[in-house]
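Peer 1: For the record, the sequence lines run as chains Z and P.
Using our numbering, read the first sequence as starting at 1 and increasing by one per residue.
Using our numbering, read the second sequence as starting at 1001 and increasing by one per residue.
Quick caveat, the hints were computed from the structure, so don't treat them as lab data.
Even for Gly, the Cβ is constructed at its ideal location relative to N, Cα and C.
Misleading hints may appear alongside valid ones.
[Stated by the list, open to error] Rough simulated footprint, nothing fancy, chain P against chain Z, three-plus residues with beta-carbon under 8 Å:
id: 1; region: 148-154
id: 2; region: 182-190
[What the hints assert, rightly or not] Listed next, with one range per pair, are the computed distances between beta-carbon atoms:
id: 3; chain 1: Z; residue 1: THR130; chain 2: P; residue 2: ILE1170; range: 54 to 64 Å
id: 4; chain 1: Z; residue 1: HIS179; chain 2: P; residue 2: VAL1051; range: 50 to 60 Å
id: 5; chain 1: Z; residue 1: VAL243; chain 2: P; residue 2: GLU1061; range: 19 to 29 Å
id: 6; chain 1: Z; residue 1: ILE208; chain 2: P; residue 2: LEU1282; range: 55 to 65 Å
id: 7; chain 1: Z; residue 1: ASP219; chain 2: P; residue 2: LEU1174; range: 28 to 38 Å
id: 8; chain 1: Z; residue 1: ARG267; chain 2: P; residue 2: SER1013; range: 46 to 56 Å
id: 9; chain 1: P; residue 1: LEU1174; chain 2: Z; residue 2: THR130; range: 31 to 41 Å
[Said to hold, decoys possible] Reference excerpt, derived from the structure (chain P facing chain Z, CB under 7 Å, subset only):
id: 10; residue: ILE1021
id: 11; residue: GLY1053
id: 12; residue: THR1063
id: 13; residue: ILE1278
id: 14; residue: LEU1282
Below, each chain spelled out in residue letters.
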Amino acid sequence: MQAVPTPHPAASRSVGAKKSNFWKVALRNRYLYMMSLPFVIWAFVFSYYPLWGWLIAFQKWKPGKSIWEQKWVGFDQFKALFQDDLFYQVLRNTVAMSVMGLIASFTVSITFAIMMNELRGMFFKRAVQTISYLPHFVSWAVASSIITRMLSSDNGVVNDLLMWLGLIQQPVQWMGQGHLFWGIVTVSDVWKETGWNAIIYLAAMAGIAPELYEAAKVDGASRLRQIWHITLPGIRSTIIILVILSIGNLINTGFEKQFLLGNNLVRDYSQVLDLYSLQYGIQLSRYSFGTAINIFNSVVSLVLLFTANGIFKRMTKESII
Amino acid sequence: MTTRKMTKGAPLSDRLFDVVIAIVMVFVVIVTLYPFLNVLALSFNDSTDSVRGGITIFPREFTLKNYSIIFSFSGLITGFKISVLRTVIGTILGLISASMLAYTLARPDFQGRKFVSKYLAITMYVSAGLIPFYLLIKDLHMMNTFAVYVLPGIVSAFNVFVIRSFIDGIPFALQESAKIDGANDFTIYWRVVLPMTTPALATIALFLAVGQWNAWFDTFLYNGSSENLTTLQFELTKVLLSTTAGNNGDYHSTNMTQVLSSVSPESVKMAITIVVTIPILLVYPFLQRYFVRGLTLGAVKG
């Protein structure tokens, strides 16, 4: 929000003058209103209005009747939700995959960015970077197709390689074992997003003054020490901001990869909150129950975001929201 | 990016460090590229021969049969058309909305600036969720329509803020002088601001286009039963889910999945994967210099 704030011309005048002035300015702003209002209304319809639908979580909603003709049931849907064993399993899966993804994606993409930054040879550097973005741009449908092929038990490269190295005797059924699923999702995510996530760190590193490195070199610091004492502190604030943003998104781990990589054999480990609401809310037509799941999801995300932002504020006196 | 020249007397450990990094990078390149090349090779290889295994990055028995099979499905042709259509229309609509909103938000003299900015920021953090949104689409009679692909996503706060922070970097005097010359606010947007915002617009266009091209869930949720509104990604997911072990097949077996089970599904799956990926491969390297800049801007507090 860096735009130059010009003080409102009417700020210091009397109320009446302010009012007539408001309409005068509004008239002067008419093109700006014409260019923004349609989209403001649009955002209302598709982002704000659906919040109204939260009401049905307190009803036993049946299609075909208006929202006022439905039967109100208070918190019954939430009670049913919190008594459902499946809910806790799904929540466990969601949190587990989020936390694993968070840790893996931060460590790997920061390490990758540091290595990229240390890489000599512009051509090689640019080539590596361009290639590393590639998986980010393909859909999860494509990525899942590729990943299941690589992990396949007939002629998948991962099994072939492990057999060739003599680490396993039999091909492993990677996609068919529940306890492997979280790991597979995490590694797939790292494969797909590392190059992309590194962009932001590389940009932060580009902002570090080269004199710092020169001085360190004069003092005889090795490359590793330079990374530790100059590069890492240089991107510290970027890391903090991104960690906080991802804590806010902790239970929105997404569901595409779980949906496309999962199957009935690993269902106990692959089901996440959004898929749970999809299954109950739409496939089983329990709309009210599904909405209760969505409300739980949204409210927990907001609480996490504000908590994380509060901690951040205390640490840096700045706010990211 | 800082390029530090290697001095002649660099210690051995530092040179070793360079070697280690180079090796890791080569490893990264292989891990990223090999799966794509392997799938490409399989898609051009005879399907019965592929079952024997051992295909790496070159086809052993070259054939175009896998591709001729998939292009004989009407579903794939329709899917291709719809995917292209939604990508073009969705990107244009998204660009118009994001650039207009960004322009008005970047105007310090716009009354609604603060309100609209907050109003949009809230949409980034609060979402009603899957079911209320589904019911909204149903109430608006947008099920089984093309509109459901392009209309709901027109306004994206993130895109607005990326373009806005870019416009903030353009000297405001340019807009003021156009105003003195008698241009109205729309003309200023169209003639002065837009031409100078190309890098940000290119970034957002790339994000929008990739998002549209890659989307499959909306087809699955809203248009799953209308065959004339299918998309390439959805066709791929259908094949994917029908051939994954243990899926009970609650996805309507279209003629494609039926025929697939009579040929070798694996090779055909690889061919579809390649067809779906190619357009992305053609576009993104050229836009690279834009999106690196655009993404960095987006990271600035919205």
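Peer 1: For each hint, tell me whether it holds in the structure or not.
Peer 2: Right, here's what the structure says about each hint:
With 4 residues bearing a CB less than 8 Å from a CB of chain P, the region 148-154 of chain Z meets the requirement of three and the coverage assertion stands. Proximity of the region 182-190 of chain Z to chain P, defined as three or more residues with a beta carbon under 8 Å from a beta carbon of that chain, is not established by the 0 residues found. The hinted range of 54 to 64 Å is not satisfied by THR130 (chain Z) and ILE1170 (chain P), whose Cβ atoms lie roughly 29 Å apart. Taken as a hint, the range 50 to 60 Å is violated for the pair HIS179 (chain Z) and VAL1051 (chain P), whose Cβ atoms sit roughly 29 Å apart.
Between VAL243 (chain Z) and GLU1061 (chain P), the C-beta spacing of about 50 Å breaks the proposed range 19 to 29 Å. Between ILE208 (chain Z) and LEU1282 (chain P), the C-beta spacing of about 35 Å breaks the proposed range 55 to 65 Å. Here the CB-CB span from ASP219 (chain Z) to LEU1174 (chain P) is close to 47 Å, at odds with the stated 28 to 38 Å. The hinted range of 46 to 56 Å is satisfied by ARG267 (chain Z) and SER1013 (chain P), whose Cβ atoms lie roughly 50 Å apart.
Between LEU1174 (chain P) and THR130 (chain Z) the C-beta distance comes to about 34 Å, which sits within the given range of 31 to 41 Å. Hint status for ILE1021 (chain P): holds, given a least beta-carbon distance of 5 Å to chain Z, under 7 Å. About 4 Å separates the beta-carbon of GLY1053 (chain P) from the nearest beta-carbon of chain Z, less than 7 Å, and the hint is met. The interface hint given for THR1063 (chain P) is broken, as the beta carbon of that residue sits about 18 Å from the closest beta carbon of chain Z, more than 7 Å.
For the restraint placing ILE1278 (chain P) at the interface with chain Z, the shortest Cβ-Cβ distance is roughly 10 Å, beyond the 7 Å limit, so the hint is violated. About 11 Å separates the beta-carbon of LEU1282 (chain P) from the nearest beta-carbon of chain Z, more than 7 Å, and the hint is not met.
The structure is inconsistent with the numbered hints 2, 3, 4, 5, 6, 7, 12, 13 and 14, although it conforms to all the rest.
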